[in-house]
Amino acid sequence: MLIKSTKPKKERNPAETREKLVGATVSLILKQGFSATSVDQICSAAGVTKGSFFHHFENKEAIGKAAVEWWGEFGTNLYAEAWKDAGLDPLQQLHRMLDIMSGFTQSEEVCTCVVGMLSQELAQSHPAMRAGCERQLDVWTANVARMLREAKAKHKPKSDFDPVEAAWFLQSIWQGSMLIGKTREHGGPAMIRRNIEFARAWVEALFAKAKT
Numbered sequence: 002m003l004i005k006s007t008k009p010k011k012e013r014n015p016a017e018t019r020e021k022l023v024g025a026t027v028s029l030i031l032k033q034g035f036s037a038t039s040v041d042q043i044c045s046a047a048g049v050t051k052g053s054f055f056h057h058f059e060n061k062e063a064i065g066k067a068a069v070e071w072w073g074e075f076g077t078n079l080y081a082e083a084w085k086d087a088g089l090d091p092l093q094q095l096h097r098m099l100d101i102m103s104g105f106t107q108s109e110e111v112c113t114c115v116v117g118m119l120s121q122e123l124a125q126s127h128p129a130m131r132a133g134c135e136r137q138l139d140v141w142t143a144n145v146a147r148m149l150r151e152a153k154a155k156h157k158p159k160s161d162f163d164p165v166e167a168a169w170f171l172q173s174i175w176q177g178s179m180l181i182g183k184t185r186e187h188g189g190p191a192m193i194r195r196n197i198e199f200a201r202a203w204v205e206a207l208f209a210k211a212k213t
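Numbering (this note's numbering), first residue to last: 2 to 213.
Read the hints as simulated data drawn from the structure, not as lab findings.
Source: prediction; values computed, not measured.
Every residue, glycine too, gets a C-beta built ideally from N, C-alpha and C.
Some hints here could point you the wrong way.
Unchecked claim - Below 30 Å or equal to it, Euclidean Cα-Cα: the simulated DSSO-like pairs (lysine-lysine) are:
{"no.": "1", "residue 1": "Lys183", "residue 2": "Lys159"}
{"no.": "2", "residue 1": "Lys51", "residue 2": "Lys32"}
{"no.": "3", "residue 1": "Lys61", "residue 2": "Lys183"}
{"no.": "4", "residue 1": "Lys183", "residue 2": "Lys157"}
{"no.": "5", "residue 1": "Lys21", "residue 2": "Lys66"}
{"no.": "6", "residue 1": "Lys183", "residue 2": "Lys32"}
{"no.": "7", "residue 1": "Lys85", "residue 2": "Lys66"}
To be verified - Just the calculated beta-carbon pair ranges, DEER-fashion:
{"no.": "8", "residue 1": "Thr184", "residue 2": "Lys157", "range": "36 to 42 Å"}
{"no.": "9", "residue 1": "Lys157", "residue 2": "Arg136", "range": "29 to 35 Å"}
{"no.": "10", "residue 1": "Val165", "residue 2": "Ala191", "range": "28 to 34 Å"}
{"no.": "11", "residue 1": "Gln121", "residue 2": "Thr77", "range": "17 to 23 Å"}
{"no.": "12", "residue 1": "Ala191", "residue 2": "Arg13", "range": "33 to 39 Å"}
{"no.": "13", "residue 1": "His56", "residue 2": "Ile181", "range": "24 to 30 Å"}
{"no.": "14", "residue 1": "Ala124", "residue 2": "His56", "range": "25 to 31 Å"}
{"no.": "15", "residue 1": "Ala87", "residue 2": "Asp41", "range": "44 to 50 Å"}
{"no.": "16", "residue 1": "Asn14", "residue 2": "Gly34", "range": "25 to 31 Å"}
{"no.": "17", "residue 1": "Asn78", "residue 2": "Glu205", "range": "23 to 29 Å"}
{"no.": "18", "residue 1": "Gly88", "residue 2": "Ile181", "range": "33 to 39 Å"}
{"no.": "19", "residue 1": "Arg150", "residue 2": "Arg13", "range": "44 to 50 Å"}
{"no.": "20", "residue 1": "Ala63", "residue 2": "Val165", "range": "48 to 54 Å"}
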């Protein structure tokens, strides 16, 4: 008589399973937010068992933090195309970053951000999630502040400005535009693109004779 083993099957590729779980979580958050997303939905979308889920993540908040980190790294890699040429004028690098941002809005799908969504949903109730979102917002802002600082050193500004404060202002335009853009009645992707162009004009206005 054939006796089946009672030992649980090991995952064939734990790293791949984890990646599927995080990817499914990111997709669900973008579609419906974090609160409306359940562990069962994540497992179903990833095509894995709940046992596999809890092998990798202690709870839903743990995979939420992993989704924020994944999204931050994913976004930074995309934005890095703007400054990969170290010899390019820093102001031109910033304009390339604005081009990349505008490119995210070219489809008619809702343009949104995992970090922004979770900041809105969970910052006041989940300190660990708030800290994770803050780290990713800091990374984006630090990159923009660096380009502004270098541009300020190369080009004469019309008036003095703090690169970090200016970067947070641009961050606020970006995140706020995506928030409002989720309601198509107020313009959707087209409105976000217009706001990016307003931001571009504002950056240009900071400098006296910067040729970009």
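Hints versus structure:
1. Of the pairs offered as hints, the one joining Lys183 and Lys159 is violated, with about 35 Å between alpha carbons and a cut-off of 30 Å exceeded.
2. The straight-line distance between the Cα atoms of Lys51 and Lys32 is roughly 21 Å, inside the 30 Å bound, and the hint therefore holds.
3. Taking the CA atoms of Lys61 and Lys183, the gap is near 25 Å; set against the 30 Å cutoff, the hint holds.
4. The suggested pairing of Lys183 with Lys157 is violated, with an alpha-carbon distance near 38 Å, which exceeds 30 Å.
5. Restraint check for Lys21 and Lys66: the C-alpha separation of about 15 Å stays at or below 30 Å, so the hint holds.
6. For the proposed pair Lys183 and Lys32, the alpha carbon gap of about 11 Å is at most 30 Å, so the pair holds.
7. For the given pair, Lys85 sits about 28 Å from Lys66 by alpha-carbon distance, which is consistent with the 30 Å threshold.
8. For Thr184 paired with Lys157, a C-beta distance near 41 Å keeps the hint of 36 to 42 Å intact.
9. Judged by the Cβ atoms, the range 29 to 35 Å given for Lys157 and Arg136 holds: they are separated by roughly 34 Å.
10. Our hint of 28 to 34 Å for Val165 and Ala191 holds, since their Cβ atoms are close to 30 Å apart.
11. Evaluation of the 17 to 23 Å hint for Gln121 and Thr77 yields a pass: the beta carbon distance comes to about 21 Å.
12. Checking the proposed 33 to 39 Å range against Ala191 and Arg13 shows it is violated: the Cβ atoms sit about 46 Å from each other.
13. Separated by about 40 Å at the C-beta atoms, His56 and Ile181 break the suggested range of 24 to 30 Å.
14. The hinted range of 25 to 31 Å is satisfied by Ala124 and His56, whose Cβ atoms lie roughly 29 Å apart.
15. The supplied range of 44 to 50 Å is met by Ala87 and Asp41, whose beta-carbon atoms lie about 47 Å from each other.
16. Evaluation of the 25 to 31 Å hint for Asn14 and Gly34 yields a pass: the beta carbon distance comes to about 29 Å.
17. A beta carbon spacing of about 27 Å between Asn78 and Glu205 agrees with the range 23 to 29 Å that was offered as a hint.
18. Separation of Gly88 from Ile181 is about 37 Å and conforms to the stated range, judged on CB atoms against 33 to 39 Å.
19. A hinted range of 44 to 50 Å holds for the C-beta pair Arg150 and Arg13, which are about 48 Å apart.
20. The supplied range of 48 to 54 Å is broken by Ala63 and Val165, whose beta-carbon atoms lie about 31 Å from each other.
When each numbered hint is compared with the structure, violations occur for hints 1, 4, 12, 13, 20.
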